[in-house]
Amino acid sequence: EHTYLTAYHTNNFEFQDQNYRAIYQERLTPLDDKTQWIETVLMHGIVLRCTTLERTMVDVLDRPDRSGGWEEIIRSLDRVTIFDVSAAINYALSLDRGSIIAKLGYFLEQRPAYLKIDPALINKLLPHIPKQPYYMDRKTVGQGTYFKKWQIIVPDHLHQRQWEEPDEMEH
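By the numbering used here, the letter at position 75 of the sequence shown is numbered 81, and the numbering carries on one by one without gaps.
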């Protein structure tokens, strides 16, 4: 299934045995410059406007219901090893929503040390986290581990990556 943003009300559709699900947003970004988080790519001779990798990373953290669920999100984001951390942080800050900012901060701190993400960059998010604890997954209210730094409660099975095979966890 493919998800796409549109500024127009449209129906979901199928094309070449692929399902396409429309996400309507009156404004495609919270910024005045709608192209800041959009890039143009040429695919099979067709020009497509796509969200940047950094925006997509933040957007899937914001809406796991539109992104295959938490396990798929975490597995997919773990495969992203090269991205502009500053751009992801700036996009999250531009949304001005503490819940998204907390999820991104938590996620960035979980990245392996070999990716060398500067902690000072991640800490730029701290003044913008929620004032009260926030459940990363509202389906697990009353459960999970509280990460005070981010004011976020993460389901234990996600934090501990309980879906992984033992030999996958060692890498």
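In case anyone wonders, no lab produced these hints; they're calculated from the structure. Treat the hints loosely; a few may be bogus.
To be verified - In silico BS3-like pairs for lysine-lysine, Cα to Cα no more than 27 Å straight-line:
| no. | residue 1 | residue 2 |
| --- | --- | --- |
| 1 | K154 | K130 |
| 2 | K122 | K154 |
| 3 | K122 | K155 |
| 4 | K155 | K145 |
| 5 | K154 | K137 |
| 6 | K122 | K145 |
| 7 | K155 | K130 |
Results for each hint:
| no. | hint | result |
| --- | --- | --- |
| 1 | K154 x K130 | holds (16 Å) |
| 2 | K122 x K154 | holds (23 Å) |
| 3 | K122 x K155 | holds (20 Å) |
| 4 | K155 x K145 | holds (22 Å) |
| 5 | K154 x K137 | holds (11 Å) |
| 6 | K122 x K145 | violated (33 Å) |
| 7 | K155 x K130 | holds (12 Å) |
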